[in-house]
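J.: If you want the building blocks of each chain, they are given just below.
2 protein chains.
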Amino acid sequence: VSAAPSAVLIACQQIAPWVTENVENRRRVTRAIVDALASGAGVIVLPELATSGYMFETENEVRAAALPADSPVLADWARLLAGTPAVVVVGFAELGEDGRLYNSAAVVDASGVRGVYRKTHLWNREKLFFTPGDALPPVVDTAVGRIGVLICYDLEFPEMVRYLAAAGADLVAVPTNWPLVPRVSGGLVPEVMIGMASARVNKVAIVCCDRAGRERGQEWNQGTAVIDQFGNIAGERRDAGLLAVPLDLTVSRDKTITEHADALGDRRLDLYGGLVAQEDHR
Amino acid sequence: VSAAPSAVLIACQQIAPWVTENVENRRRVTRAIVDALASGAGVIVLPELATSGYMFETENEVRAAALPADSPVLADWARLLAGTPAVVVVGFAELGEDGRLYNSAAVVDASGVRGVYRKTHLWNREKLFFTPGDALPPVVDTAVGRIGVLICYDLEFPEMVRYLAAAGADLVAVPTNWPLVPRVSGGLVPEVMIGMASARVNKVAIVCCDRAGRERGQEWNQGTAVIDQFGNIAGERRDAGLLAVPLDLTVSRDKTITEHADALGDRRLDLYGGLVAQEDHR
Chain P
1 VSAAPSAVLI ACQQIAPWVT ENVENRRRVT RAIVDALASG AGVIVLPELA
51 TSGYMFETEN EVRAAALPAD SPVLADWARL LAGTPAVVVV GFAELGEDGR
101 LYNSAAVVDA SGVRGVYRKT HLWNREKLFF TPGDALPPVV DTAVGRIGVL
151 ICYDLEFPEM VRYLAAAGAD LVAVPTNWPL VPRVSGGLVP EVMIGMASAR
201 VNKVAIVCCD RAGRERGQEW NQGTAVIDQF GNIAGERRDA GLLAVPLDLT
251 VSRDKTITEH ADALGDRRLD LYGGLVAQED HR
Chain E
283 VSAAPSAVLI ACQQIAPWVT ENVENRRRVT RAIVDALASG AGVIVLPELA
333 TSGYMFETEN EVRAAALPAD SPVLADWARL LAGTPAVVVV GFAELGEDGR
383 LYNSAAVVDA SGVRGVYRKT HLWNREKLFF TPGDALPPVV DTAVGRIGVL
433 ICYDLEFPEM VRYLAAAGAD LVAVPTNWPL VPRVSGGLVP EVMIGMASAR
483 VNKVAIVCCD RAGRERGQEW NQGTAVIDQF GNIAGERRDA GLLAVPLDLT
533 VSRDKTITEH ADALGDRRLD LYGGLVAQED HR
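Line order of the protein sequences matches chains P and E. Quick note on numbering: my numbering labels position 54 of the first sequence as 54, and the sequence is numbered without any gaps. Quick note on numbering: my numbering labels position 56 of the second sequence as 338, and the sequence is numbered without any gaps.
No lab work stands behind these hints, which were simulated from the structure alone. If you're wondering where the values come from, they're calculated on a predicted model, not measured in any experiment. A portion of the hints provided could be inaccurate.
[What the hints assert, rightly or not] Below, in silico cross-link-like pairs of lysine to aspartate or glutamate (DMTMM-like), each with a Cα-Cα straight-line distance of 20 Å or less: (1) Lys409/E to Glu57/P; (2) Lys127/P to Asp423/E; (3) Lys255/P to Asp98/P; (4) Lys127/P to Asp521/E; (5) Lys127/P to Asp239/P; (6) Lys409/E to Asp352/E; (7) Lys537/E to Asp548/E; (8) Lys409/E to Asp266/P; (9) Lys409/E to Glu339/E; (10) Lys409/E to Glu306/E; (11) Lys409/E to Asp380/E; (12) Lys127/P to Glu61/P; (13) Lys537/E to Asp380/E; (14) Lys409/E to Glu259/P; (15) Lys409/E to Asp98/P; (16) Lys127/P to Asp548/E; (17) Lys127/P to Glu24/P; (18) Lys127/P to Asp544/E; (19) Lys127/P to Asp98/P; (20) Lys255/P to Asp266/P.
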């Protein structure tokens, strides 16, 4: 069982993908990874569907952008990480081996693609273009800690962070595309507020990388945020570019709150079910 | 199936119970109910353990305050509601028919005690004095809407609001005693922030009634808040006294978010289980 490093620089690149500009989108991702690596990042998160843009009008637009998980594009990103412990989490339109289209995220380190997650909760019109994933997300054990993955609307289902925390995630990485909506009380982006709550009740770190750029008339929350294990925003960025914030991921491994209280141990699995925390992960 | 009224005045009485002053605590509850009724309240929420105070040093202190659910004290509170549709949710130290002590909340209307919930997630030193409840909370169908009940730390388990929303609750009433802790990002009381997230992801209203008064050296968040179905704080009070805020409880009955999105319908019960929404409650 690997130890979680006590200080990892968590980076987000709030870039602006553009629907139909698929070659340029991939270039933007490459540049974003290189820039973040230069800043010393240990975890580099990019938006949902960073390779394709979001505001599709036809399924053909999705298909033209879609990549298989074993595409040389993803292998090239792994090569950028050679000689570093860094991990990239990047959203991409996936062409499945079954010919279907998935809204996916890949976890990549220097050794290659370590895991792919297919979004299980499709938001609104995504249902017209994508097939929902049929499996819970992976927790990938990396040199910088155990990384769980969600995509955008998944975060609004508290069952998902709960599952990842119980499965041993130190950090939940969430590529997102959050359409612009009004802020809630406290001046918070609503989805960030939901992430803060999930971080606090599970004592787990969460990083959300949103996107920038007006695409086919759509604007975005630009709500990129790094949230610590107590539900505080450790850093946020409201415009395009790099956010890099150091976090102590070892905090995620101690779920005790007080002498007699434990965020996961106090669950009443006898009443509502749920995953038993894997003690060998503590 | 009853309709939810479109405007219900939700009242909280952030009173200050005092451990060992049990007769006076019950008088305070009575006065608080009478005052809230005079303001036109449809739902009146009081703190956790309003009859007993909180900072117990011995089990005997709890036992001296404990009341059975069929106590004349609770029946008297029902009588105060005669001729009104109003509902009271009040925390009390319960003496079970099994002789055990429970941290409970009663739902009372003019017809009497409609439901009792025994806190299932005991916080910290409560575990030294109380037995945890062995049943999920009730959803009580009243003249002012369907009211679900949680107590304090229960709210930090998102499974609980999820369960109540799926079981048809229009409003989740949460008597609490929140020991003073630092605010989180947005200047929010952390437990209120967690309530905001649960309200938004379940599209359900939540009302939290905290307590006031320094008791045996302990101060409190005084975080009393009424939270609407979009996760906004509709009203809050940071000192002792009455908070009364009108809410449209019919909003809780429509879980759609957009044409293709539904807060409960989009859950992936095939992946993580959960209660199927009772369609006859829609």
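J.: Decide, hint by hint, whether the structure agrees.
T.: These are the hints, each one checked on the structure:
no.	hint	result
1	Lys409/E to Glu57/P	violated, 56 Å
2	Lys127/P to Asp423/E	violated, 36 Å
3	Lys255/P to Asp98/P	violated, 40 Å
4	Lys127/P to Asp521/E	violated, 47 Å
5	Lys127/P to Asp239/P	violated, 28 Å
6	Lys409/E to Asp352/E	violated, 24 Å
7	Lys537/E to Asp548/E	holds, 10 Å
8	Lys409/E to Asp266/P	holds, 11 Å
9	Lys409/E to Glu339/E	holds, 13 Å
10	Lys409/E to Glu306/E	violated, 26 Å
11	Lys409/E to Asp380/E	holds, 17 Å
12	Lys127/P to Glu61/P	holds, 15 Å
13	Lys537/E to Asp380/E	violated, 40 Å
14	Lys409/E to Glu259/P	holds, 11 Å
15	Lys409/E to Asp98/P	violated, 53 Å
16	Lys127/P to Asp548/E	holds, 11 Å
17	Lys127/P to Glu24/P	violated, 26 Å
18	Lys127/P to Asp544/E	holds, 12 Å
19	Lys127/P to Asp98/P	holds, 17 Å
20	Lys255/P to Asp266/P	holds, 10 Å
In the structure shown, a violation is registered for the earlier hints numbered 1, 2, 3, 4, 5, 6, 10, 13, 15, 17, in ascending order.
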